[in-house]
Amino acid sequence: MTVSILKLHAVEKSFDQTAVIHGVDLEVEPGEFVVLVGPSGCGKSTLLRMIAGLDTPTAGDIWINGQRVNEVSAADRGCAMVFQSYALYPHMSVYANMAFGLENIGESKVEIERKVREAAAILKLDTLLDRRPTQLSGGQRQRVAIGRAIVRDPQLFLFDEPLSNLDAELRVSMRAELRELHRRLGSTMIYVTHDQVEAMSMADKIVVLRAGHIEQVGTPQMLYTQPANTFVAGFIGSPRMNFIPASSWPDATMQASNWPAGTQTLGVRPEHWDKSPSEQGWAMTVQSVEYLGSQQLVQGRLTCQIRIEVLLDGTQTVQVGEHLCLQIKPGHAHAFDAQGQRLESALA
Amino acid sequence: MNLLSLLLRTRGRKRLHWTDVLSYLYLLVGFFTLFGPVLWLLMSSFKTEAAMGLYPPTFLPYSQKTVEVAGHAQALPLFLVNQDGQSPRPLAQVSRMGIMATMVDPVHPEVTLQVPIQQRTPITELAFAWGNYADLFHKFTFGRYLWNSVFITVVATLLTLLFNSMTAFALSKYQFKGRKAVFLLIISTLMIPPTIILVPVFLVINGVGLLNSLWGVILPAVATPTGVFLLRQYMLTIPDELLEAARMDHASEWRIYWRIVLPLSAPALAVLAIFSVMWRWNDFLLPLIVLSRSEFFTLQLALNAFQGELNTQWHYLLAMTVITLLPVTLVFAFLQRHITTGIASAGVK
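Protein chains in written order, with my numbering: chain A, 1 to 348; chain B, 1001 to 1349.
A portion of the hints provided could be inaccurate.
What follows is a set of in silico ranges between Cβ atoms, one per label pair, in the way DEER data are often shown [stated by the list, open to error]:
{"no.": "1", "chain 1": "B", "residue 1": "Trp1258", "chain 2": "A", "residue 2": "Lys124", "range": "48 to 56 Å"}
{"no.": "2", "chain 1": "A", "residue 1": "Lys124", "chain 2": "B", "residue 2": "Trp1254", "range": "30 to 38 Å"}
{"no.": "3", "chain 1": "B", "residue 1": "Trp1258", "chain 2": "A", "residue 2": "Ala211", "range": "39 to 47 Å"}
Chain B is faced by these chain A residues, among others (derived, beta-carbon under 10 Å) [unchecked claim]:
{"no.": "4", "residue": "Gly53"}
{"no.": "5", "residue": "Ala75"}
{"no.": "6", "residue": "Tyr89"}
{"no.": "7", "residue": "Leu102"}
{"no.": "8", "residue": "Glu103"}
{"no.": "9", "residue": "Ile105"}
{"no.": "10", "residue": "Ala149"}
Hints are computed from structural coordinates only; laboratory data are not their basis.
We put the beta carbon where it would ideally sit given N, CA and C, even for glycine.
Next up, chain A with everything else stripped away, as it sits in the complex (with noise of 0.2 Å):
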């Protein structure tokens, strides 16, 4: 049995009076990509600066690599961070931003030149180590933050945000970017972000959080196709879930004992709607289009007043005020019960 490289037990976080972490478990094994993700406030970053040493937990311990480091300093943890504000010293060029760590550590001047030569070229800083932070461009700034990180060989690579400062074009590269150095390097990264599309599409282990609480933790696959509640349903995956309560159905025959009991809301995601070749099946009235070329975004109304997004194939557009029938993809409706979690089904 491989000993994980990181394991929270019990993590507990207050300040002051208010409890940000409720007792959180996790295990990382070595090599994953895991990313911790979830809405403004959840308390990601928290959780990210205990594994840091750069906080300290009001309970529960921490080990890395089989070792209780809560009483150890942020600098011997074996952890590296990547900031969302890069953090690099401005009054120092970048050879010297990759350069201090191991100056602090004492390694002689031979050891630091091959080694920071050897980050800058992984990651192509070879031309910019003589420049300062501010003559950088933020995709620059930001390599040269993870640089710093690399220089280190450290056990954890610890990403805070790191992609949030810059615009979107970049954002899309520099994800290819990093799962290609996870490729590479090989070793564990913790992510941090907010954004479910960096997160479905870096990781290998997703944690999904909400108000210092795990919500779920499993692979892209499985947050997608069996997420454990409403608030995952709703947050992984874009266009957002519809969610329709059970006392809008629309008629006897979709109550039918397909669905489990208990069952109070029926999750569709927008992808898996189509165009129902009989009259049978839900009706909507097309209240707006949104023609993305290969697909079209169809917000309507169903006849009990709830509202619903449908992505449809675009060969056909919809005209608004049109109304459709439609049918839900075999095996793509999630059953959620009163309080939101999860009911397993066999189904339609």
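Place chain B on chain A using the hints.
Just chain B, lined up with the frame of chain A:
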């Protein structure tokens, strides 16, 4: 934009607007009011003692021409004599008694003439009395005073920067119990007038045995509340994430202070350095009570001591004053750029 076009900017395009005229008038008046005395001081410091007493006073240092005449040991002053019936000619004066002067023609020194003093005017030339400055170092221990002032100013400024920045760092970047109380305590000492603590300070310095020592002037005032406040406010703008990143980079707290916070505080340090230099260089009261032996005097004390009870040697005094003014002016001119760029960049950050 070059300096000339900046100085000659006007509001009107081709003709001068009336506001231009008023503005420049106002500026010129201000310029002369502020710089007039300084320039006068500078020029007068080059006058000989005799030239200083001239009435009406002249701006440029003129002194009377002298000429070597055969048969006389010392050089004789030259006057332009305007005798009736003759064209003005230069004559050298041998002596003067009352309103009659005994004069000789430098070319024919044997012939003496009696000339009433109203008929003669001194012939003057532009002469810079460099001797005023040279004598300071030769005849008086001016070099010693200069050294004392420089030593006190430089060492005190360095110590002030060091200790104030350490205090400010602790107060701005560390969370500890009583943090606010300590800060308020330091600031509240600003309310204490210096004259109240003058005697206690003297007693303490005496008790420690630092009387009549330059360190007795340097050490008591190294920790300044103004400096702590200024640096703390500036250090608060340094993002905490930088320090956290440094801590994760294995930096000790001292390294964080020395290699990260201090370099980033350079603009505020420059401001404090200027304040400290200007204050220490011009400081009179503390050196006065601490130093009583003249070999430890600073320039300010020396200037004060130089004014005798009955008689003041103005030419030496003025020369000393000019030398006293120079270093502070240079330091200010050099560091001023840091202040303005520092304030501007701190705002943009």
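Going down the list of hints, with the structure as the test:
1. B:Trp1258 with A:Lys124: 48 to 56 Å: 32 Å, violated
2. A:Lys124 with B:Trp1254: 30 to 38 Å: Once the Cβ atoms are compared, 35 Å apart, the range 30 to 38 Å for B:Trp1254 and A:Lys124 holds.
3. B:Trp1258 with A:Ala211: 39 to 47 Å: Cβ of B:Trp1258 to Cβ of A:Ala211: about 42 Å, so the range 39 to 47 Å holds.
4. Gly53: 8 Å, holds
5. Ala75: A:Ala75 check passes; min Cβ-Cβ to chain B is 4 Å, inside 10 Å.
6. Tyr89: The hint holds - A:Tyr89 has a Cβ within 10 Å of chain B, the shortest such distance being about 6 Å.
7. Leu102: 9 Å, holds
8. Glu103: 9 Å, holds
9. Ile105: 5 Å, holds
10. Ala149: Since chain B brings a Cβ to about 9 Å from A:Ala149, closer than 10 Å, the hint holds.
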